[in-house]
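S.K.: Single-letter residue listing:
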Amino acid sequence: MDERITLNHGSGGHKTSELIADIFKKNLDNEYFTADDAAVMPAPEGRIVMSTDGFIVSPWEFPGGNIGKLSVCGTVNDIACMGARPLYLTCSYVIEEGFAVADLVRIAEAMGETARKAGVKIVAGDTKVAGKGQVDGLFITTAGVGVIENDVSLSGSYAKPGDSIIVTGDVGRHGCAILLARDEYGIEADVTSDCAPLADAALALIKAVPETHVIRDSTRGGVGTVLYEICDQSNVGIEIVSDSVPVDPAVKGVTGLLGLEPLYLACEGRFVVIVPSEFEEKAMEILRSVESTKDSVVIGKVVSDHQGKVVMKTPVGGMTFLPPPGKELLPRIC
Amino acid sequence: MNEAAKILQEYKGPKLRIMEVCGTHTHEIFKLGIRGLLSPDIELISGPGCPVCVTAADYIDEACYLAREKNCIITTFGDLVKVPGQKTSVSKERADGASVNIVYSPQDAALMAEKNPDREVVFLSVGFETTTPSDVLAVKYAMDKGIKNFSILTANKTMPKAYEAMASATDCYLYPGHVHAITGTKDCYDMLAKGTSGVIAGFTGPELLTALAVCVKKSQEGEPFLVNCYPRVVKDEGSPAAIKLVDEFMEPCDALWRGIGDIPMSGVKLRSKYSEFDARVKFDIPDMREEYKTPCRCGDVLQGKIKSYECPLFGKACTPDHPVGACMVSDEGACSAYYMYGGLI
Amino acid sequence: MCVGLSAKVISVKGDVALVDSSGAKREVSAALLEDLEPGEFVMVHAGAAIARITDDDVSETEDLAKEFLS
Chain E
71 MDERITLNHG SGGHKTSELI ADIFKKNLDN EYFTADDAAV MPAPEGRIVM STDGFIVSPW
131 EFPGGNIGKL SVCGTVNDIA CMGARPLYLT CSYVIEEGFA VADLVRIAEA MGETARKAGV
191 KIVAGDTKVA GKGQVDGLFI TTAGVGVIEN DVSLSGSYAK PGDSIIVTGD VGRHGCAILL
251 ARDEYGIEAD VTSDCAPLAD AALALIKAVP ETHVIRDSTR GGVGTVLYEI CDQSNVGIEI
311 VSDSVPVDPA VKGVTGLLGL EPLYLACEGR FVVIVPSEFE EKAMEILRSV ESTKDSVVIG
371 KVVSDHQGKV VMKTPVGGMT FLPPPGKELL PRIC
Chain S
36 MNEAAKILQE YKGPKLRIME VCGTHTHEIF KLGIRGLLSP DIELISGPGC PVCVTAADYI
96 DEACYLAREK NCIITTFGDL VKVPGQKTSV SKERADGASV NIVYSPQDAA LMAEKNPDRE
156 VVFLSVGFET TTPSDVLAVK YAMDKGIKNF SILTANKTMP KAYEAMASAT DCYLYPGHVH
216 AITGTKDCYD MLAKGTSGVI AGFTGPELLT ALAVCVKKSQ EGEPFLVNCY PRVVKDEGSP
276 AAIKLVDEFM EPCDALWRGI GDIPMSGVKL RSKYSEFDAR VKFDIPDMRE EYKTPCRCGD
336 VLQGKIKSYE CPLFGKACTP DHPVGACMVS DEGACSAYYM YGGLI
Chain P
246 MCVGLSAKVI SVKGDVALVD SSGAKREVSA ALLEDLEPGE FVMVHAGAAI ARITDDDVSE
306 TEDLAKEFLS
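Protein chains in written order, with the working numbering: chain E, 71 to 404; chain S, 36 to 380; chain P, 246 to 315.
Since the hints were made in silico from the structure, they are not lab data.
Hints may contain errors.
[Unchecked claim] List time: in silico DSS-like cross-link candidates among lysine-lysine, alpha-carbon distance up to 25 Å:
1) S/270 / P/253
2) S/252 / S/221
3) S/122 / E/397
4) S/317 / S/180
5) S/105 / S/183
6) E/191 / E/277
7) S/150 / P/270
8) E/383 / S/41
9) P/258 / S/180
10) E/202 / S/150
11) S/253 / S/41
12) S/150 / P/258
13) E/383 / E/397
14) S/253 / S/47
15) E/352 / E/371
16) E/397 / S/127
[Stated by the list, open to error] Label pairs and their computed distance ranges (CB to CB):
17) E/311 / P/303: 20 to 26 Å
18) E/397 / P/301: 31 to 37 Å
19) P/253 / S/153: 38 to 44 Å
20) S/341 / P/304: 38 to 44 Å
From the three backbone atoms N, C-alpha and C, an ideal C-beta is built for every residue, glycine too.
Could you build all of it, start to finish, from the sequences and the hints given here?
M.R.: This is the structure in structure tokens:
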């Protein structure tokens, strides 16, 4: 095998076949993984769920994972948020000419390992090679299919006043890990991305608490963005207790130095879960029994006041608004 | 702390206007929801704000000129990126291909110059007294290392003249702790001698509540007062090393404050013997200052003379996405907060 | 102005100090403070240690409350 990816690897000829056999098939293989134009699988019983997500992350490797792992977690978690069991994924790679083959192997390995862990099969893929400078390293797009095996129905529009809001672990760790990996601000800290597949937790939750209203995957916009989305979709307000939002101490240190809000840093292994308050205890018990969501915490409740806004109870007993999302995260000096 | 909160909640008496003059105070007061804890007889006024918010439009235009016309690498604190100039902003220039690098510290900007010897690197030097020593340290580093491709575009400001200019709008200043960690307490005592009260405050919830409660208590005694409520950080003498360093490199100059206007001798710039590090001199930047005429009434909002919505630009020409005045630039600015939350906070 | 964060000095080398703020480490300028020692607490702003501090805001506010608020 060559040391670096060349345009030949994307030409569809024998170099492409070699790449697929030695890297992708080797790491991702299963009974449905296809060399044909499309994969054929048996139709599952129940409603089908489908989602897609593109991944660009710089650097492509970071403490706690790489883009291969991330691209599986992202789509698996999106599917799981609908209460579905993720079944199949496809992946499409766009690789920059000159990318190291050894690195591609690491990415494919992480992808295979994460897929097995998440119980999902990668059944088809595509590889394109782009000229030097046309992409930054590599981009991966995954699409996935899952099945809803019961009559559960989840949506960001189902939040009701009185519901309890749970976040399934500390916030902002992925965003912070990436920020540190870029090494733009000369800060060092021991922060690992929270990147993880969460389907098992979602399935356990809806089995035990089918009354669950919302499961939402908190990704690039962080938990803050998810809360605002839910306010909008459900025409409600949200009230959280700022001290109850779990933040890793090192993340606190980094965001403190740079003046950033951890609620707006990306997570890649955290759900925001909304359940009727009478099921809060049961939901917490289930989530805490699953490894990937064992640090779940109730952070607040859905309210009928101040529709469309996220309000925070502050440590000194005051009330404030979480500034709305959508702004580029920039370190502050003042 | 509970005692402090109780004092603030239960105060009844003549209207007490307390002005905070620090962006981070404004930010923390907002983030902690402190306004909602105060008696209706206490009004917190967000004063001039932060050095970024008060950076004038023509300064941004100068920075964009350096990026566009002189192909300089612009290095800047993150919060300055979105601040609008008269026609453009640093973030718009970046989108158009200008080299813009956000740094955590001015010295990182000098390091960038060292690593890119064939490009001119300019640091956008904004800040009050707290930040200016760091800016000077970057210049000193470049000087000591013989780095020729580094310069700073100064818009550094100093507080004492602003304190004087805004004194009539407040009964008591909440002085910015980190400014006075550098400058000491002398400026505050000078204000006291002119009859203006104040407390020097820290930034945590308990520190802010305590400082505000001290304000309320002392005000009831009737005499002008000054209390250093942040002695773990602020010493009377400040930081003599920082004062000496800044004085060696910088000299006072007039400065234009966004939304407020000119305040004589309220800024500092590099002394002429260091002009090789002064981007304005080095690149012979043309005067960008257009006649400063704007219907923006930031100054009146800052001084509590009008409410945000009484400004003719509010919500029309001036919004959080397209701010005109200082009070709309940051999320916690008086106008921005009013726009987003409708006066609820 | 002036996002400041208290941090503990880990080591000092000439004019540069390595500081730690709840696990976030960074090199900052120590040029503004004389004879900085490892173990001391400083206020950090824009890459410079601007003041020697005590890390105890609790007893400070308690003292103030005792003196002025009771």
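S.K.: Each of the hints needs a verdict: does it hold here or not?
M.R.: Against the structure, the hints:
A threshold of 25 Å between alpha carbons decides the hint, and for residue 270 of chain S with residue 253 of chain P the separation of about 19 Å falls inside it, so the pair holds. Proximity of residue 252 of chain S to residue 221 of chain S is assessed by CA-CA distance (about 23 Å); at most 25 Å being required, the pair is judged to hold. Restraint check for residue 122 of chain S and residue 397 of chain E: the C-alpha separation of about 21 Å stays at or below 25 Å, so the hint holds. Under the criterion of a C-alpha separation no larger than 25 Å, the hint pairing residue 317 of chain S with residue 180 of chain S is consistent with the structure, at around 19 Å.
The straight-line distance between the Cα atoms of residue 105 of chain S and residue 183 of chain S is roughly 16 Å, inside the 25 Å bound, and the hint therefore holds. Our distance criterion of 25 Å between C-alpha atoms is met by residue 191 of chain E and residue 277 of chain E, whose separation comes to about 22 Å. Restraint check for residue 150 of chain S and residue 270 of chain P: satisfied, since their Cα atoms lie roughly 23 Å apart, inside the 25 Å limit. Among the hinted pairs, residue 383 of chain E with residue 41 of chain S is consistent with the structure: their alpha-carbon atoms are about 18 Å apart, no more than 25 Å.
Annotation: proposed proximity of residue 258 of chain P to residue 180 of chain S holds, straight-line Cα distance about 18 Å (limit 25 Å). Simply put, residue 202 of chain E and residue 150 of chain S have alpha-carbon atoms about 24 Å apart, close enough for the 25 Å limit, and the pair holds. Straight-line distance between C-alpha atoms of residue 253 of chain S and residue 41 of chain S comes to about 15 Å, which keeps the hinted pair within the 25 Å bound. Distance check on the hinted pair: residue 150 of chain S and residue 258 of chain P sit about 22 Å apart at the alpha-carbon level, within 25 Å; holds.
Taken as a hint, the residue 383 of chain E and residue 397 of chain E pair is honoured in the structure, with Cα atoms around 23 Å apart against an allowance of 25 Å. Restraint check for residue 253 of chain S and residue 47 of chain S: the C-alpha separation of about 14 Å stays at or below 25 Å, so the hint holds. Of the supplied pair hints, the one linking residue 352 of chain E and residue 371 of chain E holds, its CA atoms being roughly 16 Å apart against a limit of 25 Å. A hinted pair counts as satisfied when its Cα atoms are at most 25 Å apart, and residue 397 of chain E with residue 127 of chain S qualifies at roughly 14 Å.
In this structure, residue 311 of chain E and residue 303 of chain P meet the distance hint of 20 to 26 Å, their C-beta atoms being roughly 21 Å apart. Here the CB-CB span from residue 397 of chain E to residue 301 of chain P is close to 35 Å, well matched to the stated 31 to 37 Å. Distance hint check for residue 253 of chain P and residue 153 of chain S: the Cβ-Cβ separation is about 40 Å, which falls inside the suggested range of 38 to 44 Å. Taking the beta carbon of each, residue 341 of chain S and residue 304 of chain P are about 42 Å apart, inside 38 to 44 Å as hinted.
Comparing the model with each earlier hint shows no violations; every hint is respected.
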